[in-house]
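2 protein chains.
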Amino acid sequence: MTTVSNGVNVQALLDAREVLKGAPEAAQFTWRATSKWEDGVHSTTKIQNFFGLGQEQTHKTESVFDADHPEVFAAADNGITPIEYLLVGLASCLTAGVASVAQNRGIQLRSVEAVIEGEHDIRGILGVDSDVRNGYNDIKVTFKIDADASPQDIEALVAQSQKRSAVFDALANPTNITVAVS
Amino acid sequence: MTTVSNGVNVQALLDAREVLKGAPEAAQFTWRATSKWEDGVHSTTKIQNFFGLGQEQTHKTESVFDADHPEVFAAADNGITPIEYLLVGLASCLTAGVASVAQNRGIQLRSVEAVIEGEHDIRGILGVDSDVRNGYNDIKVTFKIDADASPQDIEALVAQSQKRSAVFDALANPTNITVAVS
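Taken in order, these protein sequences are the chains called A and B. Start counting the first sequence at 1; every next residue gets the next number (the working numbering). Start counting the second sequence at 1001; every next residue gets the next number (the working numbering).
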């Protein structure tokens, strides 16, 4: 097997897997965000700190994200819509998985692109029809991958990425969410 | 009732509701993103165009989002993690809802802040224990709202926002996702 270089430190991930087998408490992460209403439906959300491996952690820099509604919703379009952020998360999670699995399987990637589409019937959020759900009805992700591998191996790569994807699971399956006022 | 100004054009939303009652096909939106693998688990995702109201639409500008893993995962931390993007979507969706419902109910907002935390057992994505899910085990959102309203009315505001939230529904309930290779 030739040595491949996709830039993923797979050995560190395999080592982490071994360590966390005997230390499940270290595997408990808390990801955090704080958001602030700006005006109208425009908000900014900041992310920097999280908890994991038994202690407080921090990203190198603070990231700030604008969300708004587009002009066709009579809003100012100061950022993408909240529901579009889910597509960012899903595309990037599956792509990270493809790179990691490829590295682990000795497959050299040359390029990975994905197009993602979410079908959304906005009658739900507008309260037009209570039988229409508020969220996406369907999401489709299509990968285009150039790699040193057969089409079958590339299919298997994407399948394994999906199987291990945090965001795929978070969207495909239900999660308990508590919303409170302090 | 005093005139409140939260910057939300509620009348346009109420008008849209009436129009879409008789034109369900115009309510079918497709939100889109394209992502590109950069190196390692770093990717960039672009969002600009979408489909809705029967035609192609566009945001005023293209938005580009970096996603990566943090240094504790032996990665370069060129952006937040994919699963953190879900928190951005949820916080901003509920906040937009609070502003819209407040406007509709004649409640003047002064400030709206939210803290959001997602509990994530990373043994799932690492394949340590197949009984551990890949996504969040639990998400908690805590609002702090300063407004011309009683605590009960503020509670009701947040409850109605949750009820109409696209992202709350997308995370709380399952969605069909198809992942393919072209």
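Simulated from the structure, these hints should not be mistaken for laboratory data. Among the hints, a few may not be true.
Unchecked claim - Here are the simulated lysine to any residue pairs, SDA-like style, with alpha carbons at most 25 Å apart:
#: 1; chain 1: A; residue 1: Lys140; chain 2: B; residue 2: Phe1051
#: 2; chain 1: A; residue 1: Lys163; chain 2: B; residue 2: Val1181
#: 3; chain 1: A; residue 1: Lys36; chain 2: B; residue 2: Ala1172
#: 4; chain 1: B; residue 1: Lys1144; chain 2: A; residue 2: Phe51
#: 5; chain 1: B; residue 1: Lys1060; chain 2: A; residue 2: Pro70
To be verified - Quick list of the computed label-pair ranges, beta carbon to beta carbon:
#: 6; chain 1: B; residue 1: Ala1023; chain 2: A; residue 2: Ala12; range: 31 to 41 Å
#: 7; chain 1: B; residue 1: Asp1148; chain 2: A; residue 2: Asp138; range: 17 to 27 Å
#: 8; chain 1: B; residue 1: Pro1024; chain 2: A; residue 2: Gln152; range: 17 to 27 Å
#: 9; chain 1: A; residue 1: Arg110; chain 2: B; residue 2: Gln1152; range: 22 to 32 Å
#: 10; chain 1: A; residue 1: Pro174; chain 2: B; residue 2: Ala1180; range: 20 to 30 Å
#: 11; chain 1: A; residue 1: Gln55; chain 2: B; residue 2: Ala1023; range: 52 to 62 Å
#: 12; chain 1: B; residue 1: Asn1049; chain 2: A; residue 2: Lys46; range: 21 to 31 Å
#: 13; chain 1: A; residue 1: Glu62; chain 2: B; residue 2: Glu1119; range: 19 to 29 Å
#: 14; chain 1: A; residue 1: Asn173; chain 2: B; residue 2: Lys1140; range: 17 to 27 Å
Unchecked claim - Only some residues are given here: those of chain A computed to face chain B with a beta carbon under 10 Å:
#: 15; residue: Thr3
#: 16; residue: Val4
#: 17; residue: Ser43
#: 18; residue: Gly106
#: 19; residue: Gln108
#: 20; residue: Leu126
#: 21; residue: Ile145
#: 22; residue: Ala180
Think of the CB as a built atom: it goes at the ideal place given N, C-alpha and C, for glycine as much as any other residue.
To see whether the hints hold, each was checked on the structure:
Under the criterion of a C-alpha separation no larger than 25 Å, the hint pairing Lys140/A with Phe1051/B is consistent with the structure, at around 15 Å. Taking the CA atoms of Lys163/A and Val1181/B, the gap is about 15 Å. The hint holds against a cut of 25 Å. Taking the CA atoms of Lys36/A and Ala1172/B, the gap is about 22 Å. The hint holds against a cut of 25 Å. Between the alpha carbons of Lys1144/B and Phe51/A the distance comes to roughly 22 Å, so the proposed pair stays at or under 25 Å and holds.
Pair hint Lys1060/B plus Pro70/A holds up; C-alpha atoms about 8 Å apart against a cutoff of 25 Å. Taking 31 to 41 Å as the suggested C-beta distance range, the pair Ala1023/B and Ala12/A does not conform, at roughly 54 Å. Between Asp1148/B and Asp138/A the Cβ separation comes to about 41 Å, which falls outside the hinted range of 17 to 27 Å. Roughly 41 Å separates the CB atoms of Pro1024/B and Gln152/A, a value that falls outside the hinted 17 to 27 Å.
The hint said 22 to 32 Å for the Cβ distance between Arg110/A and Gln1152/B, and at roughly 59 Å that hint is violated. The hinted range of 20 to 30 Å is satisfied by Pro174/A and Ala1180/B, whose Cβ atoms lie roughly 24 Å apart. Take Gln55/A and Ala1023/B: their Cβ atoms lie about 54 Å apart, and the range 52 to 62 Å holds. The hinted range of 21 to 31 Å is satisfied by Asn1049/B and Lys46/A, whose Cβ atoms lie roughly 27 Å apart.
For Glu62/A and Glu1119/B, the Cβ-Cβ distance of about 22 Å falls inside the hinted range of 19 to 29 Å, so the restraint holds. For Asn173/A and Lys1140/B, the hinted distance range of 17 to 27 Å is satisfied, since their beta carbons lie about 18 Å from each other. Because the closest C-beta pair between Thr3/A and chain B is about 16 Å apart, greater than 10 Å, the hint is violated. The interface hint given for Val4/A is violated, since its Cβ lies 12 Å from the closest Cβ of chain B, which is over the 10 Å cut-off.
The beta carbon of Ser43/A is positioned within 10 Å of a beta carbon in chain B (closest approach about 4 Å), and the interface hint is therefore held. Interface restraint check: Gly106/A against chain B, minimum CB-CB distance 16 Å, threshold 10 Å, status violated. For the restraint placing Gln108/A at the interface with chain B, the shortest Cβ-Cβ distance is roughly 12 Å, beyond the 10 Å limit, so the hint is violated. For Leu126/A, the shortest C-beta to C-beta distance to chain B is roughly 5 Å, which falls under 10 Å, so the interface hint holds.
Nearest Cβ of chain B to the Cβ of Ile145/A: about 6 Å, under the 10 Å cut. The hint holds. The beta carbon of Ala180/A is positioned within 10 Å of a beta carbon in chain B (closest approach about 5 Å), and the interface hint is therefore held.
Consistency with the previously given hints fails for numbers 6, 7, 8, 9, 15, 16, 18, 19, ordered from lowest to highest.
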